[in-house]
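Enquirer: Residues per chain, in single letters:
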Amino acid sequence: MKSRYVITGFIALLAVAPLVLPTFQITLLNYIGMYALVVLGLVLLTGVGGMTSFGQAAFVGLGSYTSAYFTATQQFPVWLEWAAGSPWLALIAGVLLTTAVALILGALTLRLSGHYLPLGTIAWGISLYYLFGTMKNLGGHSGISDLPPISVFGFALEKNEEIYYLIWAILLLAVLITQNLLNSREGRAIRALKGGQLMAESMGVNTFRSKLIVFLISAVFAAVSGWLYAHAQRFVNPSPFGLHMGIDYLFMALIGGVANVWGALLGAGLLTMMKQWLQDILPFIFGDKGNYETIVFGLLIVFIMHKTPGGLWPILMHFVPASLKTKKKLLPAATDKHAAAPDLPRRTQPEKGDLILEARNVTRQFGGLVANKEMNLQVHAGEILALIGPNGAGKSTMFNQLSAVDTPTSGEVLFRGQSLKGISSRQVASLGMSRTFQHVKLLPTMTVLENVAIGAHLRGDRGIISSALHLERAQEASLLKEAERQLIRVGLGDYLYEEAGSLALGQQRILEIARALCADPCMLLLDEPAAGLRLKEKQALAELLDKLRSEGMAILLVEHDMDFVMNLVDRIVVMEFGEKIAEGLPQEIQTNPAVLEAYLGGAE
Amino acid sequence: MMTATTAEKTTAGELLLDIQDLHVSYGKVEAVSGVSLQVREGQIVTVIGPNGAGKTTLLSAAIGMLKSQGEVNFDGHLYINPDVEIMVGKGLGLVPEKRELFTTMTVEDNLLLGAFMRYRKGDGSYESTLAEVYSLFPRLWERRHQLAGTLSGGERQMLAIGRALMGKPRLLMLDEPSLGLAPLITREIFRIFADLRRQGVSILLVEQNARAALRVADYAYVLEGGNVAMQGNAADLANDPKVIEAYLGLASKHQELLSS
Amino acid sequence: MNFQIAVLLGQDGITNGAIYALLALSIILVFTVTRILLIPLGEFVTYGALTMAAFQSGRSTGVVWLLLIMIVIGCALDIRNLLKNGYDLRKVQWIILKLAYAGAMVALTQLLTLSEIPMFLQVILTMMLLVPVGPMMYRLFFQPIASAQPLVLLIVSIAVHVAMVGIGLLLFGPEGGRTQPFSDTVFRLGSVMLKSQTLWVIIVSIALIVFLFLAFERTLYGKALRATAVNRMGARLMGISPDFAGKATFALAAFIGVLSGILIAPITTLYFDSGFVISLKGFVGAIIGGLISYPLAAIGAVGVGLVEAFSMFWASDYKEVIVFTLIIPFLIWRSLTSHHVEDEE
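Chains as they are written, first to last, in the numbering used here: chain U, 1 to 604; chain R, 605 to 864; chain W, 865 to 1209.
Think of the hints as simulated: they come from the structure by calculation, not from any bench.
Incorrect hints may have been included.
Which chain U residues stay away from chain R? Per the calculated CB distances, all over 12 Å, these [to be verified]: (1) V101; (2) M317; (3) T409; (4) H439; (5) Q508; (6) K538; (7) M562.
One side of the interface only, derived from the structure: several residues of chain W facing chain R at Cβ under 7 Å [what the hints assert, rightly or not]: (8) R944; (9) G1086; (10) N1095.
Glycine included, C-beta positions come from ideal geometry on N, C-alpha and C.
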């Protein structure tokens, strides 16, 4: 609640600033606002989505130059003349153009892993910059001047004090939209990009689409900032859109705190003020003029990356008294709010005893190594099947074949009668198969509730725009209600708003099961669910699985812990050296000589 | 297989590795919580326990691959949060679970790199160690010009062990050496442990193949949930119903097997 | 375009391409061993060229003070670590050695009349001043965060580059620098003129590549660096410390960068901020090699040089645009060949 007062106070201060501050300071605030808009996009892209771009300045340039071209060059073909001269039409054109360029660049580079994206952004950032400088009808290096001011309801924003309000209104709107978006079904998918892509895909999230979305949003923010810049300056030339600015934007994001929306404002503010201040001070130290502030900035960034890679915002928040902080705003957060939400529709569940999953002669070869050989198994609704075997027996490979992460070299896997050949792990999720991971994959800084809600991704359908405008609250409430229901079902009802990373390992594994259940599956695939658990936790897990079985769930678990398996499951398949060496009831397996040989070891 | 004679088993020398109250955490999850463990000179000690019990973490922390809290005493020196470079230089070797070979380099280069610390310190005698390793693993000699990535599973394990031996370790730690290996090869690898001990190399062995490990070892620790759940002479533990129960869930059958 | 122009452009292209190839090789070397994209590599090129130019024009250069400051801070950090982790004779010896080296360099640059010593001594002195900046850079900026995420390493790399450009301005001023050619001879092959500096560049580049090949194939230290690139974990277990590997590769990269700068200084006028674009062209080559393959990167880099030279003739305004859009087909190709979802650590 109280943070709302802080924000209201902040807006009030912004509103009166032009009345009390000298023009110079307002100009500075204008810059900060425009930079912060770009940096906000970077926070989304880099801090939240885990992608790095050095090319944001080029998008700013696209926005700027489009508007300058539309409003000040008079070079239009006749059929477009009606559009000339209006900054607002130019804004639309700039946003469309930027979106188109970003779509192409994104499609080219976002699938690439690791360093190709930042290197790619450097390359096209530079290319666009040189292009601005060399295209004759864009005025070359001298640029385009005499841009008209932006008019709002017939009132021309000519002075810095006037456009100031537009800049900050747009920035605050962008902050609001960003926060809304992050706090939604689409937002959870975006937040999963950083370190949770494999998990998100298995929950049915199209991670490439999420990447492209944040990339487009960040590009559009930059283009809008460029549009403001062009009409605040009333003049454009290539120099503010070069790579050095692209780097500066990234520095701003990092100084402020790349993972936080408000870090964008802090970073833009700090860097702009410091630059101003250093440009005044440094010439006295070094004797002559030059861009010596870059030395300070460079070293400062190194220092921040060494000491606090999360930027200064988290440090700032550290000093804020706890009473001023609100728990992460997770609308609709309070339990009673989504209690009234309608339940999500459920898929038709199979009858107990129906055949759910079947592997037929599955063989998987890696080069000369045969990891799985002629594997057959079946899982029915209301049954727990365990796949066991010594380490290195090929269980994980088999698990990957069954969950469509990998495709068999020969043979096939059928899920509810449908072959999984050519089906991605994402599509499998929509068919009703849900999985957990051997090494727990959750997003440690997100709440338990949000983590589990990712599991329900495919049960919602509202997109980016309704998320950004929070028009999807009814569905969001249903999704969170479902997540909460599953958490209560597995016994984690007391931890809804804890950070997932703060749970014990056993609870994290249970959380993964809740997340899987959230997808309304008819089959669960569990990869070593008992690994690393203490005795009590194992018992709790066994009880949960027993309960799910009695409700008709088909469960397959890969496990190393025989003790856990023997007392829980209905049937066991034993693997060694990639092959099935035995199958049967637990008692049969315990007395099977081949199994004894495998487990008691070959060193007899 | 031929087990080491009782006489060999009891000649335990000075304390070589002495870990006291070691804690290792991954973020907020503590994987090893307060483990104490000793290896005496000339001993084979094994650590067994279920997956996720913290066995691999324990070895990694002991050699300094992971940050830890607690004491690691090696060869009479105390190390807190040890440094890999120093530990390797002092004669601690680790054969990791995933082997971590230099797959695009030749077998011989892999072995030579095992002696990197000795070379750096100006110890030229690693050439003779190379000959010893080749005589221990004739298969590696045959394949010395082949890339490590082209070796079979068993040969890779031999190379990993050979590479570690090139550093002339006083204590060799092995993580799941039988992993994914056929019984015949496992047997051969275990035979080599006994040979090595005869040559004065002490061994700390983490194994899921509990039975084989308990046979070759003098002393054993059972790790569960990051703690030492049981410890004792390997022979005693091998007959302990609780160990059998925990590992195999096959208590009754196991008794038959022992008596057979 | 007639034959003679083509030959001339080809010469320019190959000369620049050879330099880009050297840079691309060091980029891949540093990247595979340390996971760092060495953006400041270009600054070694400009520092090398401008230091030589400063020597020859008789201007004083502050490069030695940069080296001194870096070494002093590095030693201070080493001493702090020693106090924390306990005494180690070898490390103490190293500290003394480094400080003595810095002192000797200060003395040399202050006592010698640099514009009058023979050129090859100028080259050697430039090397002695600048190559140690490489490992010191690693020590100060990268070693403390060696295990950080790739993004953090990249940001620090960019930040170091930004700072180095500013320092370059401080050390060399805004004026460009150009040096005398190694020799004035011009070779004629029929109607074709070959500039001797072109030959120098090509010969030195090839010699360097052969030297690097031998060093990495035949010596245990070279193998140790390769091992680190192949399997970091395995290398650490052999006692090949990431600190050692990092400093060694940075030293090599600095050596190659500075040498490149010295080689092209007689051909091109370089400014304090020219390094970035030069190293980026090396990066284009490295990307063509997938950041892994040395031969592909070298070929790609020579290609970059040629494309650059010929686009200078046909569309000089769009030269840089053409060069940097060269990577797009390679990015598409990479994009099409890697389609699985991975979590980046």
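Enquirer: The structure should be examined with respect to each hint, and the outcome stated for every one.
Expert: We went through each hint and held it up to the structure:
1. Even its closest Cβ contact with chain R, about 40 Å, leaves U:V101 beyond 12 Å, as expected for a residue assigned away from the interface.
2. In this structure U:M317 is separated from chain R by more than 12 Å, as the shortest Cβ-Cβ distance comes to about 20 Å.
3. Look at U:T409: its CB is around 19 Å from the nearest CB on chain R, clear of 12 Å, so calling it non-interface holds up.
4. Distance to chain R contradicts U:H439 as a non-interface residue, since its nearest Cβ pair spans about 10 Å, not more than 12 Å.
5. In this structure U:Q508 is not separated from chain R by more than 12 Å, as the shortest Cβ-Cβ distance comes to only about 8 Å.
6. Its closest Cβ contact with chain R, about 10 Å, brings U:K538 to no more than 12 Å, contrary to its assignment away from the interface.
7. A beta-carbon of chain R is positioned within 12 Å of the beta-carbon of U:M562; the least distance is around 4 Å.
8. Of the supplied interface hints, the one on W:R944 is violated, with its beta-carbon coming no nearer than about 16 Å to a beta-carbon of chain R, more than 7 Å.
9. Proximity of W:G1086 to chain R is violated relative to the hint, the smallest CB-CB distance being about 10 Å (cut-off 7 Å).
10. For the restraint placing W:N1095 at the interface with chain R, the shortest Cβ-Cβ distance is roughly 5 Å, inside the 7 Å limit, so the hint holds.
Checked against the numbered hints listed earlier, the structure breaks hints 4, 5, 6, 7, 8 and 9; every other hint is satisfied.
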